[in-house]
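Note that the protein sequences, when read in sequence, are chains V and B.
For the first sequence, position 148 matches number 148 in our numbering, and the numbering has no gaps at all.
For the second sequence, position 240 matches number 240 in our numbering, and the numbering has no gaps at all.
For the record, the hints were derived by calculation from the structure and aren't laboratory data.
We put the CB at the ideal spot given by N, CA and C, even for glycine.
Mixed in with the good hints there might be a few duds.
The following label-pair restraints were derived from C-beta to C-beta distances [to be verified]:
id, chain 1, residue 1, chain 2, residue 2, range
1, B, S470, V, A98, 54 to 62 angstroms
2, B, G638, V, V29, 44 to 52 angstroms
3, V, V46, B, V83, 32 to 40 angstroms
4, V, K170, B, G538, 22 to 30 angstroms
5, B, K511, V, G138, 48 to 56 angstroms
6, B, V540, V, L22, 47 to 55 angstroms
7, B, G23, V, A20, 34 to 42 angstroms
8, B, G303, V, P151, 54 to 62 angstroms
9, V, P54, B, L569, 38 to 46 angstroms
10, B, A330, V, A15, 55 to 63 angstroms
11, B, K511, V, A26, 14 to 22 angstroms
In case you want the letters, here they are:
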Amino acid sequence: MSSAEPTRRDFLYIATGMVAALGGAATLVPLIAQMNPDASTIAAGVPIEVDLTPIAEGQAIKVFWRGNPIYVSHRTKKEIEEAQTVDVKTLPDPQSDADRIKKGHDQWLVLVGICTHLGCIPIAHQGDYDGFFCPCHGSQYDTSGRIRRGPAPANLAVPPYEFLSDTKIKIG
Amino acid sequence: MSGHSPQDYGLNAWPNNLKTEDGKPYTPQAYVPPHPVLRWIEARLPIGGLMYGTAVSYPVPRNLNYWWTFGGILSFMLAVQIVTGIVLVMHFTPHVDHAFNSVEGIMRDVNYGWLLRYLHANGASMFFLAVYIHMFRGMYYGSYKEPREVLWILGVIIYLLMMATGFMGYVLPWGQMSFWAAKVITSLFGAIPVIGDPIVTWLWGGYSVGNPTLQRFFSLHYLLPFAIAGVVVLHIWALHVVGQNNPTGVDPKTQKDVVPFSPHATVKDMFFLCAFCVVYAWFVFYIPNYLGHPDNYIMANPGQTPPHIVPEWYYLPFYAILRSIPNKLAGVAALFGSIGLLAFLPWLDTSKVKSATYRPLYRQFFWIFVVTCILLGWLGSKPAEGGYILASRVLTAWYFIHLLIVLPLLGKIETPKALPLSISEAVLKKTGTVAALVGIVALAGLIASSPSARAEDAHEQPKPPGQKWSFAGPFGKFDRAQLQRGFRVYREVCSNCHSLNLLSFRNLADKGGPEFSPEQAEAVAAEYKVPDAPNDAGEVGERAARVADRFPPKFPNDNAARAANGGALPPDLSVMAKARGYERGFPLFVADIFTQYQEMGPDYITAILTGYEKAPADFKLPSSTTYYNTYFPGHAIGMPPPLSDKQVDYTDGSPTTVEQYSKDVSAFLMWAAEPSLEQRKRLGFQVVIFLLVLSVLLYFTKKKVWREVH
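Bound conformation, chain V alone:
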């Protein structure tokens, strides 16, 4: 019987089995979907506004967006110069400073403060490159948040943001 043509009986068995399997698969949908962010979490994840006026030159503040730390750094002239003069081709993750800031707002660096290695928060104004130093596994970032040394594979991410005015940004 095993190699013979499918009979009508086999068809019934196959149809029943397939419908049952379909139902089993559909049952998994809610069981999996429930672990995704719920409606309140999504609603709370809307953009936030940050007032830049209290941030002095040379200061970096940390704000939270969607539960993640965001660095807003008011860079000094020296920091800007260091970020712009480095030979981009020599970097592990080549990217120019201009691509990491908003045009005309050179002094403002906005970064997701999460090390691209394994998720710790790098400390601002530390390390050999004047930028960020991750205490967990020793990754070092420069004044543009680009990876320079250590195990991290990529530059610190730039979150989506825009300038609402010269002194106010919207992150998200």
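Since the structure of chain V is already known, use the hints to place chain B on it.
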């Protein structure tokens, strides 16, 4: 399993006595691993053989009827409860301040959270429904008799564990019924002489039911289902040692009397399980709150006991037994005794004949016992007063008389019918059901028509009239315009006193709700002020609300709300439409299952809002700050008549009358209480259709599989 069989100890268990047709010992087909890898594993861990022997080649009597499928259904329900329970725990917060709201968060925000919670809550009821059928089947066919005594006792242990688990689970949502169930059930242990009080304190973890109680119940509610699963393994193990009973109660003798478990029993179980799931789905998708109690949508309040507390339906018969005895210790003893006695059934029933099919007297008494249990359940749901108490006492007495006197006596005096020589020879006839039905109807009629029971109706208040709701029935949908009007009424009138704490502004734009545009929802939010995050100096200011925010409470705390409202606390309205109801009465409450009546809340709210009248001459209002309302329990309501004609402007030309306002705001509150209603009914239709199709397919598959046997 070192080769010992029950026969080595002198016990007659049929699987080892089974013969082939030519009289040789019958051995079920052995497992042959179909693949070298499986053979390699099998040599080291014979799990394939264990599973094959348990679920495939294991012989079962060929004459098992559909009542025997409930064992499989119970295993399925246990799995459903464990899976949905583990998932719900991911979103539940076991803390007195957060439990109620986290359950509402599951209902409103978690993806398919409403489905998972309703599956779990109604799953408990389906689990108990199945276990009661399973137990009564065991009683009817004498399945507890030798050699199945241990099997039966394990079942009683599982049932006890289920009761404990179900009770503790009911406490977790921390509603009014949760709290007072915890209080009453734990207080049962206070009846124990001398050490009762310390035990109760120990159970509570404090001087009253509180956060420690909730947390330990949560922990145990998670643990016990796995304990149940463990005992179920023992139950099935014991079953496979002694073999299944069957409708004749006569052991299978030859191969002709049995079929292999798979595919025969498997496909039959699956068919009936699928049909059972149609009932389950009906409850989950169409009447999810039918078996619950409105009071449990009110957050636990240790300072106020609801006027009429009842346990979940599956505990009602035992609750009736407890209340029927006017002495604390004796009542508690009767309650536990009524369950504990079941474990002794194998010895209380002295008849050697197992199946009621061949015991004409026992069959009548069995059905009387079933009716006794059902009526005790009905009485358990009634207030403990008047004729109900007398009826409870009579039936409680009969419960014990049946187990302690009738069963032992019957075995001595009854003359059983001639047993068939073998299963194959047995011709099963349907008899006895008519007599039983007559008995049920007679007993039910007797109680319903007894003067004491009807005396209660005299001082009952009028029931809220049933309104026509667009969201009623299997295809119900909210009327968007009505919800928008209702929101207007809430905002301009109700919100002056009542909060809507569980709703967020974004919900106004959600699909299946009033469906305001996102811009409209934003505009509504902007009109409200909420506390801002502390600034650098630590000061907390205010900011305009955003759509993600919840409707801010009207008053900073309950006392402020009371002070502003003449001493009466205006309740939060978020789940009001599910937190109010009224006694439907017999036979309406049975019909409600089929008509899918779930609009008790909005009917009640509309009735209250339109029910203000001048107090009748013979009615004295208790104080000058109360008002006469026809539909409010006790008639004296603290809320002044909130609505008057032309009070709220409607832009869509709907009548600006109190009646229209009342209906609109009731509909709005129904949505606020059950925002997933439309999604639920839509998905329900798909699920029920699917289950019906699968049931039909499984039925024909079952017929094909069984064709050779019949």
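Do the hints match the structure? See the list:
In this structure, S470 (chain B) and A98 (chain V) meet the distance hint of 54 to 62 angstroms, their C-beta atoms being roughly 59 angstroms apart. Distance hint check for G638 (chain B) and V29 (chain V): the Cβ-Cβ separation is about 47 angstroms, which falls inside the suggested range of 44 to 52 angstroms. Between V46 (chain V) and V83 (chain B) the beta carbon distance is about 34 angstroms. The supplied range of 32 to 40 angstroms therefore holds. K170 (chain V) and G538 (chain B) have their C-beta atoms about 25 angstroms apart, which keeps the hinted 22 to 30 angstroms range intact.
At roughly 50 angstroms, the beta-carbon separation of K511 (chain B) and G138 (chain V) lies within the given 48 to 56 angstroms, and the hint holds. Roughly 54 angstroms separates the CB atoms of V540 (chain B) and L22 (chain V), a value that falls within the hinted 47 to 55 angstroms. For the pair G23 (chain B) and A20 (chain V), the supplied restraint of 34 to 42 angstroms holds, since their beta-carbon distance comes to about 40 angstroms. The supplied range of 54 to 62 angstroms is met by G303 (chain B) and P151 (chain V), whose beta-carbon atoms lie about 59 angstroms from each other.
A C-beta distance of roughly 43 angstroms is found between P54 (chain V) and L569 (chain B), which places it inside the suggested range of 38 to 46 angstroms. In this structure the hint that A330 (chain B) and A15 (chain V) lie 55 to 63 angstroms apart at CB holds, the actual value being about 60 angstroms. For K511 (chain B) and A26 (chain V), the hinted distance range of 14 to 22 angstroms is satisfied, since their beta carbons lie about 21 angstroms from each other.
No hint from the list above goes unmet by this structure.
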